[in-house]
Amino acid sequence: MFFINQKDAKSVTIGGVRSLIDFSTDGLHVRVQGGSIEVIGERLKIEYFNSSEIKVTGKIQDVKTNKASTFRGDK
Amino acid sequence: MITKIKNFLCGKVTFHVENVDATFLNRLRQYSPKEIIYTGELLKFSVALIHKKNVTQILKNHTHTQKHNANIFRTFEFCCNRPLLVFGVLFCFIFVTLLSGFIFRIEINGLEKDEVIQVQSFLYDNGIRRLRWKHNTDTGNLSTAIIQNFDFITHTNVQIRGTTLQINIHRTPTPPPAPVTNLVSLYDAVITQITVLSGIAQVSIGDTVRTGQTLVLAQFQIGVQVGEPDEYGYLTYTQITHPTTAVALIRGKVSHSKSTIIQNESQRASAEQNLFAQIVSQLGTQDFDEKNVYISQLADLSFVVEMVVSRVVDLI
Chain A
1 MFFINQKDAK
11 SVTIGGVRSL
21 IDFSTDGLHV
31 RVQGGSIEVI
41 GERLKIEYFN
51 SSEIKVTGKI
61 QDVKTNKAST
71 FRGDK
Chain B
1 MITKIKNFLC
11 GKVTFHVENV
21 DATFLNRLRQ
31 YSPKEIIYTG
41 ELLKFSVALI
51 HKKNVTQILK
61 NHTHTQKHNA
71 NIFRTFEFCC
81 NRPLLVFGVL
91 FCFIFVTLLS
101 GFIFRIEING
111 LEKDEVIQVQ
121 SFLYDNGIRR
131 LRWKHNTDTG
141 NLSTAIIQNF
151 DFITHTNVQI
161 RGTTLQINIH
171 RTPTPPPAPV
181 TNLVSLYDAV
191 ITQITVLSGI
201 AQVSIGDTVR
211 TGQTLVLAQF
221 QIGVQVGEPD
231 EYGYLTYTQI
241 THPTTAVALI
251 RGKVSHSKST
261 IIQNESQRAS
271 AEQNLFAQIV
281 SQLGTQDFDE
291 KNVYISQLAD
301 LSFVVEMVVS
311 RVVDLI
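In the order they appear, the protein sequences are chains A and B.
Residue numbers 1 to 75, in this note's numbering, belong to the letters of the first sequence in order.
Residue numbers 1 to 316, in this note's numbering, belong to the letters of the second sequence in order.
Calculated directly from the structure, the hints in this document are not laboratory data.
Just so it is clear, CB atoms sit at the ideal spot from N, CA and C, and this is done for glycine as well.
Mixed in with the good hints there might be a few duds.
[What the hints assert, rightly or not] Beyond 10 Å from chain B on every Cβ pair, some chain A residues (computed):
id: 1; residue: Gln6
id: 2; residue: Lys45
id: 3; residue: Asn50
[Stated by the list, open to error] In silico EDC-like pairs for lysine to aspartate or glutamate, Cα to Cα no more than 20 Å straight-line:
id: 4; chain 1: B; residue 1: Lys258; chain 2: B; residue 2: Glu306
id: 5; chain 1: A; residue 1: Lys55; chain 2: A; residue 2: Asp8
id: 6; chain 1: B; residue 1: Lys34; chain 2: A; residue 2: Asp26
id: 7; chain 1: B; residue 1: Lys44; chain 2: A; residue 2: Glu42
id: 8; chain 1: B; residue 1: Lys253; chain 2: B; residue 2: Glu228
id: 9; chain 1: B; residue 1: Lys291; chain 2: B; residue 2: Asp314
id: 10; chain 1: A; residue 1: Lys45; chain 2: B; residue 2: Glu35
id: 11; chain 1: A; residue 1: Lys45; chain 2: A; residue 2: Asp22
id: 12; chain 1: B; residue 1: Lys258; chain 2: B; residue 2: Glu290
id: 13; chain 1: A; residue 1: Lys64; chain 2: A; residue 2: Asp22
id: 14; chain 1: B; residue 1: Lys291; chain 2: A; residue 2: Asp26
id: 15; chain 1: B; residue 1: Lys67; chain 2: B; residue 2: Asp114
id: 16; chain 1: A; residue 1: Lys45; chain 2: B; residue 2: Asp314
id: 17; chain 1: B; residue 1: Lys253; chain 2: B; residue 2: Glu306
id: 18; chain 1: A; residue 1: Lys55; chain 2: B; residue 2: Glu35
id: 19; chain 1: A; residue 1: Lys64; chain 2: B; residue 2: Glu107
id: 20; chain 1: B; residue 1: Lys291; chain 2: B; residue 2: Asp188
id: 21; chain 1: A; residue 1: Lys55; chain 2: B; residue 2: Asp21
id: 22; chain 1: B; residue 1: Lys44; chain 2: A; residue 2: Asp22
id: 23; chain 1: B; residue 1: Lys67; chain 2: A; residue 2: Asp22
id: 24; chain 1: B; residue 1: Lys67; chain 2: B; residue 2: Glu41
id: 25; chain 1: B; residue 1: Lys253; chain 2: B; residue 2: Asp300
id: 26; chain 1: B; residue 1: Lys34; chain 2: A; residue 2: Glu42
id: 27; chain 1: B; residue 1: Lys44; chain 2: B; residue 2: Glu18
id: 28; chain 1: A; residue 1: Lys64; chain 2: A; residue 2: Glu38
id: 29; chain 1: A; residue 1: Lys59; chain 2: A; residue 2: Glu42
id: 30; chain 1: B; residue 1: Lys34; chain 2: A; residue 2: Asp8
id: 31; chain 1: B; residue 1: Lys253; chain 2: A; residue 2: Asp22
id: 32; chain 1: B; residue 1: Lys44; chain 2: A; residue 2: Asp8
id: 33; chain 1: A; residue 1: Lys55; chain 2: B; residue 2: Glu306
id: 34; chain 1: B; residue 1: Lys34; chain 2: A; residue 2: Glu53
id: 35; chain 1: B; residue 1: Lys52; chain 2: A; residue 2: Asp22
id: 36; chain 1: B; residue 1: Lys253; chain 2: B; residue 2: Glu231
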């Protein structure tokens, strides 16, 4: 499974990441177990990325999920 | 959207980078890396082929391999990086394409020089001229119009080759001129009758003609007005000669003579008979219009008997 942990509009942490599909300053698209998640924002940067988790910082405007159930909250 | 189309058309290049941190991706984010897989030791990602040069520059201090998958799109990448060149080539192509739509040359084959000028004048009057839009030129109708307008043309082949309008013309074969032959005399004779229906008589009644002499010229003359009437209103004409077929009825008196020598006048009758028989056997006829016998005495008292037989025959 995956998780999305977003405390504020400046960072978001996504767990259960399989791979990054797309990454640019205004968007991040990751493939997770069960679907994919799209982060939309501005000046996005990867804070860290390991085998199962990625933390993205920047001005985050929206986090969209596709074909995956959503779980938001503290890890 | 345009960027996505451009990236798609340019293909992609995949990089395998060893021993880099995942945050290294932040340096590449302006090139929109895709299909990113990070295993801690190896970072794999793909970027559009158009960004290959820039990404390679960033990765120059890192151990990496790259693999591009779409050579077919490298031309597009080349074009994307040189918009002025592409625009220039495109402009030239459109310019040449537009120019090739016009007729620059009209070529007429199969005619004499003066006839070519006639055909050129006809084409000009019908709007077929240089710098005409060739797609508005109906070659079939043009071919028909040329044939209908010129009697000496039996077949035309009109085609447009590139920017040349090519007209191949086949003439009507010119009939050979009718043989023009003068009427000549078949005998030595004296003209007794002459009636010329066509041609110009060269002899008149009473003239003596030789065998082969021209009696009637196969020509006729017409008077053509030259210039304007003078101050008194008189016109000036000149004679122009044209060939024709000579037709005439010409008869003449043809004489045949034989002579012999006799010793005394008592032999004259038999001599005349012999001479007449010789003439008849030579000519094969006894139909004569006139027969004259001339006798003259020689110095040794012998006689010369000459018989002249005349008949009127057609001389031509």
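Status of the hints after comparison with the structure:
1. Gln6: Given that every Cβ of chain B is farther than 10 Å from that of glutamine 6 of chain A, nearest at about 19 Å, it holds.
2. Lys45: Violated: least Cβ distance 5 Å, not greater than 10 Å.
3. Asn50: Violated, because the least Cβ-Cβ distance between asparagine 50 of chain A and chain B comes to about 7 Å, which does not exceed 10 Å.
4. B:Lys258 - B:Glu306: 6 Å, holds
5. A:Lys55 - A:Asp8: Distance ~13 Å between lysine 55 of chain A and aspartate 8 of chain A Cα, so the pair holds.
6. B:Lys34 - A:Asp26: This hinted pair holds, its Cα atoms lying about 14 Å apart.
7. B:Lys44 - A:Glu42: Given that 20 Å is the threshold and the Cα spacing comes to 24 Å, the pair is violated.
8. B:Lys253 - B:Glu228: This hinted pair is violated, its Cα atoms lying about 49 Å apart.
9. B:Lys291 - B:Asp314: 19 Å, holds
10. A:Lys45 - B:Glu35: At roughly 17 Å apart (the allowed maximum being 20 Å), glutamate 35 of chain B and lysine 45 of chain A satisfy the hint.
11. A:Lys45 - A:Asp22: At roughly 13 Å apart (the allowed maximum being 20 Å), aspartate 22 of chain A and lysine 45 of chain A satisfy the hint.
12. B:Lys258 - B:Glu290: It holds: about 14 Å lies between the C-alpha atoms, which stays within 20 Å.
13. A:Lys64 - A:Asp22: Roughly 14 Å between the alpha carbons, so the hint for lysine 64 of chain A and aspartate 22 of chain A holds.
14. B:Lys291 - A:Asp26: 142 Å, violated
15. B:Lys67 - B:Asp114: Not satisfied, since the Cα-Cα distance of roughly 72 Å exceeds 20 Å.
16. A:Lys45 - B:Asp314: The hint is violated at about 130 Å.
17. B:Lys253 - B:Glu306: 18 Å, holds
18. A:Lys55 - B:Glu35: Given that 20 Å is the threshold and the Cα spacing comes to 17 Å, the pair holds.
19. A:Lys64 - B:Glu107: Not satisfied, since the Cα-Cα distance of roughly 72 Å exceeds 20 Å.
20. B:Lys291 - B:Asp188: 17 Å, holds
21. A:Lys55 - B:Asp21: 13 Å, holds
22. B:Lys44 - A:Asp22: OK: lysine 44 of chain B and aspartate 22 of chain A at ~12 Å, within 20 Å.
23. B:Lys67 - A:Asp22: 18 Å, holds
24. B:Lys67 - B:Glu41: 19 Å, holds
25. B:Lys253 - B:Asp300: 35 Å, violated
26. B:Lys34 - A:Glu42: Satisfied, since the Cα-Cα distance of roughly 18 Å is no more than 20 Å.
27. B:Lys44 - B:Glu18: 9 Å, holds
28. A:Lys64 - A:Glu38: Holds: lysine 64 of chain A and glutamate 38 of chain A sit about 5 Å apart, inside 20 Å.
29. A:Lys59 - A:Glu42: It holds: about 5 Å lies between the C-alpha atoms, which stays within 20 Å.
30. B:Lys34 - A:Asp8: Violated, at about 26 Å.
31. B:Lys253 - A:Asp22: 128 Å, violated
32. B:Lys44 - A:Asp8: 30 Å, violated
33. A:Lys55 - B:Glu306: Cα-Cα ~156 Å, so violated.
34. B:Lys34 - A:Glu53: Holds, at about 17 Å.
35. B:Lys52 - A:Asp22: 16 Å, holds
36. B:Lys253 - B:Glu231: Outside the cut-off at roughly 52 Å; violated.
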